[in-house]
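Colleague: Protein chains in written order, with full-length UniProt numbering: chain C, 1 to 397; chain L, 1 to 378.
Please keep in mind that the hints were generated in silico from the structure rather than gathered at the bench.
Mixed in with the good hints there might be a few duds.
Computed list of lysine-lysine pairs in DSS-like fashion (alpha-carbon distance at most 25 angstroms, straight line) [as the list claims (entries may be wrong)]: (1) C/LYS238 / L/LYS263; (2) C/LYS26 / C/LYS6; (3) L/LYS263 / C/LYS392; (4) L/LYS124 / C/LYS262; (5) L/LYS124 / C/LYS259; (6) L/LYS299 / L/LYS263.
So these bits of chain L aren't anywhere near chain C, every CB distance computed over 10 angstroms [as the list claims (entries may be wrong)]: (7) GLU108; (8) ARG185; (9) GLY189; (10) THR193; (11) LEU256; (12) PRO268; (13) THR358.
The beta-carbon is built from N, C-alpha and C at its ideal position, and this holds for glycine as well.
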Amino acid sequence: MDLEYKEEDLRFRAEVQAFFRENLPKELSDKVRARRHLKREDAVRWHKILAKKGWIAPGWPRQYGGTGWSAMQRHIWAEEYALAYAPPTLSFGLNLLAPVLLGFASEEQKQHYLPRIYDAEDWWCQGYSEPGAGSDLASLKTRAVRQGDHYIVDGQKTWTTLGQHADMIFCLVRTSAQGPRQQGISFLLIDMKTPGITVRPIITLDEAHEVNEVFFDNVKVPVANLIGEENKGWTYAKYLLGHERTGIAAIGNSKRELKVLKRRAAKARVDGKPLLQEPQFAARVADVEIELMALEMTALGLVADGARSKIGPEASLLKIEGTQISQEISQLQLESAGPTGLAFDPAYLDGRTEHAVNGDDDAAPLAAHYFNLRKITIFGGSNEVQRNVISKMILGL
Amino acid sequence: MDLRLSEEQQQFADSLRRWIEKDYTFEARLKIIRSDAGVSQPAYAALTELGALALAVPEEAGGMGGSSEDLMIVMKEIGRGLVVEPYFATILAAEFFKQAGAHKPILERVAAGDMKLACALNEKGAGHELFNIGLAARQDGAGYVLNGAKCSVVHGGQADGFVVSVRTGGGQRDRDGITLVHVPRAAQGLTVTDFRTFDGQRGADLAFADVRVPASAVVGQAGQGWDILEAVTDYGVALLCAEAVGAIEQANALTLDYLKTRKQFGVPIGTFQVLQHRMADMYIHQEQARSIAVLAAVKVQTAAPDERRKLVSAAKVRVGKALQFVGQQAIQMHGGMGMTNEMSISHYFKRLTAIEMTLGNTDFHRSRFISQPGFAAV
Ligand SMILES: Cc1cc2nc3c(=O)[nH]c(=O)nc-3n(C[C@H](O)[C@H](O)[C@H](O)COP(=O)(O)OP(=O)(O)OC[C@H]3O[C@@H](n4cnc5c(N)ncnc54)[C@H](O)[C@@H]3O)c2cc1C
């Protein structure tokens, strides 16, 4: 066994680091570092820089603008990306919809949508969940009834992340009530400007506007916007969910946040010593660091396991562990602030004021971050559902 | 042993609960926390009317001289109803005056509901250590001149006066040389920066620039404030634990109800065994937290200091464990709904998190428990 990075991997890492040093605008990385809310323009600006370099869509095939990187290179990329405090890319189009288009769309659809995703011309959002269909996604009710060369869509989606900015939404809709529920679902692309669509904000417990409800009232969608075959949408949806789960492990992010945590805890004092040397706190930091080391090896094992493009049930393991690690780190970060972490300052988080009201810019976003991160064990298939996947698919229980 | 509430105590709890259920609903509370003031004068008046303030004040100052057990009952209802009014801050500050046996006029006004107080004990960089005090008080004739700052003063912006811990001698982390003084809100040179805290309450930072107080402002004895400071904050921790228990019970009730009504895969999610066991664990946490919170609250004012420290820290540790588990799992089992600010469950989670960070967190109190003389004697 050889656990060292190869020479060419190290060279690649250096190249990536240099790219971030030279091309990532400081205003953007500062915002990410300070955990202040990003604006639509921020995301689009960064997207275009990456697109120009040809690095916006590492996972795509070369002919559509992919990088052709090995799984190891992509792993390195993701890690350096996080460590550079780069803003997230427009993931719904790039990482979730694109694989479905590549796998199941017509040539014409690929030619139309993929370049627009690549150039950030379309901001995509994901219309899967409904008020009554969360973990049990197949129970979704939003109807699409065919009328000539159109579908008429009626129903409601919810938890639509960043739907307020979106140009397009990819939806699972019910096109048939016959047979097993999974077999009457279709995968439909809908222009958010179509008459009959209403977007209503949902404010989350950290008081941010990140998710929305989307209502469809008699919305006319061209049949040309159907992906693959009618009533086969469930197959495509499941394919997409595998892609969603790997990203959620966020190992690079956790490495970065662990550094942030240690820096904070080395500065904070307790008992006249650095908090990082307080035995109980130190033990908890050590525990989470050790979990992360193990998870990185697990992930590298899966990566090195081959250029398998198909993601198996192992993704559930990465998701469960990765999300728990992220949450634990955010909790330790909040605790490192002591009582000063109680202050809540939406104006500062939104960038309306330069400094936090209690003068502690560093501590100001920690509570909101901790609360916001509760979502990661819920979405992308809740961790309970992931455990069901492991026990069924891997353990055969 | 009799672990039941007395008839009067039960009546008191019932009347408080009735008021909360009728006038302090979740919607009413949302309106209050979203208002500029962040608190409600009518609600405070109602608490006064119900006797909740008088309960905290001795009879000789016009109060009802309630015991810590009586106050525990009030705080539990406050926790259950997520009441955000400056009640706890006021009664905790009043407790300083009470234990010091002085300042009767202030206590009279507290009992009557026309004086709110806050405790200015935290400092930046001191974490949870209340003896870590940099705020300097220089002797000036018979009085003192204060220079420095306090932070994270719960309901500081709503208070008419503060109990402030200052340093009149010794080094930064000495227990000797700590003095407690009463500083009126209107004092010259005092700046109060009011802000929201994440749990819907308010906090404030205080800056002192040559703030003068007379010798009569000293609460207890100059230079020897630590004993009272520790005794009163221990009392505060016991009451916070009671508040947490009230919030935990309600969070559990809401979650249990959700498990029975939310359907996925054609069945209530409460039929999934993993969630049943999780809920069972939440219930066990609740009962364990409740028991140890009762122990601390009943004994906090009568136990000898060593015993008191041990019981109070034990309670904060066990309640801390419970509130983290219950808060986080309540959100998890509510799924996406738990993430929304319109659902009360997320507000219970936030208040529980704030309690964890107030008057010493779990790690802090576990350390304190370990460092008590009895711990290592085997
Ligand atoms: C911040 C956020 C952003 C989101 N973004 C999007 C988006 O952009 N697009 C989109 O389509 N969706 C999105 N979602 C929705 C997300 O995918 C769902 O919340 C998730 O699938 C869970 O569904 P639910 O909320 O209805 O919870 P429920 O399914 O009602 O689950 C409630 C609880 O029951 C548990 N449970 C359910 N079934 C089982 C079972 N069989 N066994 C054991 N336990 C079970 C769950 O784990 C959970 O703890 C988002 C959600 C959040 C919170």
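Colleague: Work down the list of hints and note, for each, if the structure agrees.
Modeller: Each hint, compared with the structure:
Proximity of C/LYS238 to L/LYS263 is assessed by CA-CA distance (about 22 angstroms); at most 25 angstroms being required, the pair is judged to hold. For the hint pairing C/LYS26 with C/LYS6, the CA-to-CA distance comes to about 31 angstroms; that exceeds 25 angstroms, so the pair is violated. Restraint check: the Cα-Cα separation between L/LYS263 and C/LYS392 comes to about 22 angstroms, which is no more than 25 angstroms; the hinted pair holds. About 19 angstroms separates the Cα atoms of L/LYS124 and C/LYS262, which keeps this hinted pair within 25 angstroms; it holds.
For the suggested pair L/LYS124 and C/LYS259, the alpha carbons sit about 22 angstroms apart, so the restraint of at most 25 angstroms is met. The straight-line distance between the Cα atoms of L/LYS299 and L/LYS263 is roughly 45 angstroms, outside the 25 angstroms bound, and the hint therefore fails. No beta-carbon of chain C comes within 10 angstroms of the beta-carbon of L/GLU108; the shortest separation is about 31 angstroms. Taking the minimum C-beta to C-beta distance to chain C, about 19 angstroms, the non-interface status of L/ARG185 holds against the 10 angstroms cut.
The non-interface label for L/GLY189 is consistent with chain C: the shortest C-beta to C-beta separation is roughly 19 angstroms, beyond 10 angstroms. Against chain C, the non-interface label of L/THR193 is violated: not every CB pair exceeds 10 angstroms, the least being about 7 angstroms. Non-interface call for L/LEU256 relative to chain C: holds, since the shortest CB-CB distance, roughly 17 angstroms, exceeds 10 angstroms. Its beta-carbon lying about 12 angstroms from the closest one in chain C, L/PRO268 satisfies the requirement of being farther than 10 angstroms from that chain.
The claim that L/THR358 is not at the interface with chain C is violated, since a C-beta of that chain comes within 10 angstroms of its own (minimum 7 angstroms).
The earlier numbered hints that this structure contradicts are 2, 6, 10, 13.
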